[in-house]
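Asker: These are the residues of each chain, in order.
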Amino acid sequence: MAQKNRNRLLKRLRNDSLLYIMFIPVLAWYLIFCYVPMTGIVLAFKNFKFDGGIWGSPWVGIRNFRKMLRDRDFLQAVRNTLIIGIGGIVFQMPCAIALAILINEVKGKWNKKIYQTIVTFPHFISWVVLAGILTSLFGNSGIINQILSKIGLPQLDLLTNAKAFRGFIWGSNIWKEIGWDSIIYIAAITSIDPGLYEAAEVDGANRLQKIWHITLPGIRSTIVIMLILAIGQLLTNGRFDQIFNLYSPTVYRTADTIDTYIFRETFTKGSLNFGYSTAIGLFKSVIGVVLISTSNWVATKVGEQGLF
Amino acid sequence: MKHKKRSWTGGDVALNIFFVILSLITLYPFYYVVIESFSNAVANAQHVPYLLPYVFDTTGYESVFGDSAFYQALLVSLFVTLVGTAVNMALSVTGAYVLSKKHLAGRNFFLTLILFTMLFSGGLVPTYLNIKNLHLINNIWCMILPSAISTYYLIIMKNYFVSLPPTMEEAAKIDGANSFTILVRIVLPISKPFIATFFLFYAVERWNEWYNAVLYISQKSLQPLQIYLREMLTSMSSQLAAQAQAAMAQTTKVLASTVQMACIVITMVPILCVYPFVQKHFVKGVMIGGIKE
Numbered sequence: 055m056a057q058k059n060r061n062r063l064l065k066r067l068r069n070d071s072l073l074y075i076m077f078i079p080v081l082a083w084y085l086i087f088c089y090v091p092m093t094g095i096v097l098a099f100k101n102f103k104f105d106g107g108i109w110g111s112p113w114v115g116i117r118n119f120r121k122m123l124r125d126r127d128f129l130q131a132v133r134n135t136l137i138i139g140i141g142g143i144v145f146q147m148p149c150a151i152a153l154a155i156l157i158n159e160v161k162g163k164w165n166k167k168i169y170q171t172i173v174t175f176p177h178f179i180s181w182v183v184l185a186g187i188l189t190s191l192f193g194n195s196g197i198i199n200q201i202l203s204k205i206g207l208p209q210l211d212l213l214t215n216a217k218a219f220r221g222f223i224w225g226s227n228i229w230k231e232i233g234w235d236s237i238i239y240i241a242a243i244t245s246i247d248p249g250l251y252e253a254a255e256v257d258g259a260n261r262l263q264k265i266w267h268i269t270l271p272g273i274r275s276t277i278v279i280m281l282i283l284a285i286g287q288l289l290t291n292g293r294f295d296q297i298f299n300l301y302s303p304t305v306y307r308t309a310d311t312i313d314t315y316i317f318r319e320t321f322t323k324g325s326l327n328f329g330y331s332t333a334i335g336l337f338k339s340v341i342g343v344v345l346i347s348t349s350n351w352v353a354t355k356v357g358e359q360g361l362f
Numbered sequence: 185m186k187h188k189k190r191s192w193t194g195g196d197v198a199l200n201i202f203f204v205i206l207s208l209i210t211l212y213p214f215y216y217v218v219i220e221s222f223s224n225a226v227a228n229a230q231h232v233p234y235l236l237p238y239v240f241d242t243t244g245y246e247s248v249f250g251d252s253a254f255y256q257a258l259l260v261s262l263f264v265t266l267v268g269t270a271v272n273m274a275l276s277v278t279g280a281y282v283l284s285k286k287h288l289a290g291r292n293f294f295l296t297l298i299l300f301t302m303l304f305s306g307g308l309v310p311t312y313l314n315i316k317n318l319h320l321i322n323n324i325w326c327m328i329l330p331s332a333i334s335t336y337y338l339i340i341m342k343n344y345f346v347s348l349p350p351t352m353e354e355a356a357k358i359d360g361a362n363s364f365t366i367l368v369r370i371v372l373p374i375s376k377p378f379i380a381t382f383f384l385f386y387a388v389e390r391w392n393e394w395y396n397a398v399l400y401i402s403q404k405s406l407q408p409l410q411i412y413l414r415e416m417l418t419s420m421s422s423q424l425a426a427q428a429q430a431a432m433a434q435t436t437k438v439l440a441s442t443v444q445m446a447c448i449v450i451t452m453v454p455i456l457c458v459y460p461f462v463q464k465h466f467v468k469g470v471m472i473g474g475i476k477e
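Top line first, the protein sequences correspond to chains Z and B. For the working numbering, count along the first sequence from 1 and bump the result up by 54. For the working numbering, count along the second sequence from 1 and bump the result up by 184.
Worth flagging that the hints you see were computed from the coordinates, not collected in a lab. From a predicted model like this one, the values you see are computed outputs, not experimental measurements. Possibly wrong hints are sitting among the right ones.
Label pairs and their computed distance ranges (CB to CB) [claimed, not checked]:
#	chain 1	residue 1	chain 2	residue 2	range
1	Z	T322	B	E354	56 to 66 Å
2	Z	T322	B	T351	50 to 60 Å
3	Z	K103	B	L297	43 to 53 Å
4	Z	L326	B	N322	14 to 24 Å
5	Z	N61	B	A289	16 to 26 Å
6	B	S191	Z	K167	20 to 30 Å
7	B	I201	Z	L85	49 to 59 Å
8	Z	G107	B	K464	17 to 27 Å
9	B	K464	Z	I201	46 to 56 Å
10	B	V368	Z	V144	41 to 51 Å
The following residues of chain B were derived to be distant from chain Z, with all beta-carbon distances above 12 Å [stated by the list, open to error]:
#	residue
11	E220
12	D241
13	S247
14	A253
15	A280
16	N323
17	I324
18	S375
19	F383
20	Q403
21	S405
Don't be surprised by glycine CBs; every beta carbon is placed ideally from N, CA and C.
Chain B with its partners taken away, still in its complex shape (with noise of 0.2 Å):
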């Protein structure tokens, strides 16, 4: 949309206030665990620190650099993205190729089986002993298998194959390439800008993944980061939940809260440092999910 350059009107004013109140109340929960985090027991006795670090104290983040199983919940974590995410992008383009071509005979009928699954599902406990009957209850792969395919991802990535121009897959095809062939050398480069928008996604789901291994790992040494966060601010804050000893809890609490949050913030970081490049693409995502068939 054209605008003519004016000058700002005494609303334009008004919606950048609002906007920069909006941004700081979005922004400031973040920025409250990266203080606390560097915060100690003394420091906290002291004040109150929700605007300023008082001390930087980088305590909190070595016990959990410290924590042995700190690293191995991270190994899991950094696994189940990578391999997770390869595993979503070979289902859900191939799945979505093969569906975009509306020649091919039963597709009507493949697609129907596939949007039924968006609608009914066979519930908690039914898919709970299916897992557990394909022996993946304390396997890593029990993060990676179940959430293999989003049926919305495909669905979209369909609707963007379909949409993309015939005339050179036509050509390839005249020259004898399969479409294996097709969809590797020729489909997916010039969709990278959109391929890399579902790449993201998933990434994100992998490594925020904690339902799956609430559900299916008990196994201390299978745990995903998130799983390892959760532990450690649920066990502490049912500790904390029995207020009986609160004087000699004052102390132990504080530090507790610090390593909690240092936890917290190792656990964005990723997501924290990717994010504003990214920010883009997904904005791209969400606008393509519009286009139907």
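Isolated chain Z (complex conformation) (with noise of 0.2 Å):
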């Protein structure tokens, strides 16, 4: 018996270190692709040199961060970010939101499914082909503009105003991603238990107060959870394929944001100033992290369920 159960604790660690040599390449590829760069960050404190690399460029203190401060650019840029960031979810969260719920009002199985899948359609496309496509349309020589100026009416600039094109990124982005958006609330709204709408309907309830009493509140963690996650991705998702895509020189000034000016002044720009862009990046980082920890613990304490 002894030696059974000796066997068999034996045979469990076998099993477990088999665990373990599965684990190796996932662990091996967070190590390379993850941990690796971030030991890059030092480049922040640096003045990058190509022959130096990162160990052996010099150090230069803050001198990086100094400089982001007076960088009216940048700044315009986390401005950009902040604006089209907190435009988004103010415009596109209660249209999601809303979606969901006129969706799971539409009766019949199949016309729910037909629209649900229409709507999410856009999503799976990417933004390259996006911007072909919405170029095509709204750009000067694009199809609106043309029916616009056969029917006599002034010309519809979106692409290259600085003025309409955040509104233009809004937009677009509400119109590629409401659908797959929304298809968390509907899940949510799924769960919400039937018996209410029925005590409801004996109450005599018509349907804008089953939604208002009913269905809201029922999603009202899923909504917190949902702004948690956008507020924390605020500066980290900074929608670099859409408006990198999509934006001009013409438009810098309004729709430049952190993510796309780090990757101008990294390649475009010819300076190859590693350093500054590191410090920029790293800026970027730890507001994120500050962001999605504050909102975290902000949710917690109202009673939500936080992320983690």
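From the two separate chains plus the hints, produce the assembled complex.
Answerer: Rendered as structure tokens:
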């Protein structure tokens, strides 16, 4: 019996060691592709020289950060990131919630399914493709302006007009993601106890009253969690794909975000000031961690389930 | 939810009208691209084809299919999608499975290590230099390895594996099966629909891959389809921006846009073909994401 127990223990250990072996590639990936780059953050405090590399370049203390605070383009990019991000939350979330409620109200399994399938579709198309499509529609020689000029109306300039571009970014993102965003709320709505609706019906509540008094409170915690996620990702999820594929120098003033600014600062300006770009990246990451931790803390304080 | 069978009220009619309009708004841009891709300069000069195609001209497609760079880009995209998704699945599934074993010593440490990467990263430049040090610049694997694991998907998969009833696994263990055999012979077969969902998520991401290619690929022969399209879109539109030769550009411009639209359609076709059939898997994937351990 003791022999058998020991054998079983050995077998368990051996099985566990197999688990560890299976985990090696995953762990190696995280170390090589996530943690090694983190060590490169020291560049934020250095003046990068190509022949010196990350470790051989000279230290410059917080010079890169000082430069950051005086860099008007960077400060504008921070402002734009916040405006575009907050606007995105304010406009897009209510749309997604409304869509979820409306889809839930549709009677008939088939139309419900078809509508949902259609509105979710653009989510799976890359911004490279969508930028091409949107330009062919809204560009200066796009179909909409062709029609407008045919019927003698003034031209609509959304893509190269700094004043209109943010609106275009918000609008096109809502168009692309609203169906996808709504799925999580639809899931939350379907988990509401149907007995509540039946009771309300007995009490003579109409559709709107049921939505207001049952559906919305029923998905409140989902809304809060999604809001936390969105606020936490204000800086990190800088909509790089969308803006990078749609913007042009004429709209940098209102559309340049931290991510696009870092990208140009690093690769297209030719200055190759890697230390400075790293400093901006570090600034972004740190603020991002603070944002997500804070919003999570607030959520648990107000009695909702947080993320961690 | 059970609905009593009732006739449609005015509200229902309005609701369906709203959704038909919303569907049209969602689909119209794609429809427009398709009719424009079959158009040509002559037809466009005469009509504004926004609802119905006036001609059926395949010149746009012919010029895309006549470009050897297109086939090269298509091959790269196919390779990245097939091999990349395989790598994604292999790493995510094993990682998620190992981390679903609650008795494993060090499990919490590993989980923290992984979750931290969702909060904090090295940023663009350190990541770029890392890829450079790994000799992945202008290497096809730069579109596969840096995005080999999506931590978000891995965590969802882990939560799913945790939720599986342990009885079957225990039975297999008593029969002497090891963890790897259990994963391949028991866990994966019973998780097929679930695994399929993530396979599709990853496949779409790999097909849409362009960011890593912009950063790490400068060699033309290694560009994926998305970059081939992107270059076509940006080079032609920057030509247009210099609208100096307005009159001369008139004919070439329309033709250029036809080629662009044809290329857009070709790039979307794989997703268009697969999407309607797999949409329910995608929806399921999001719903599973809501489950917490």
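Asker: If you test the structure against every hint from before, which numbers come out violated?
Answerer: Hints 3, 8, 9, 11 and 15 are the ones this structure does not satisfy, whereas the remaining hints hold.
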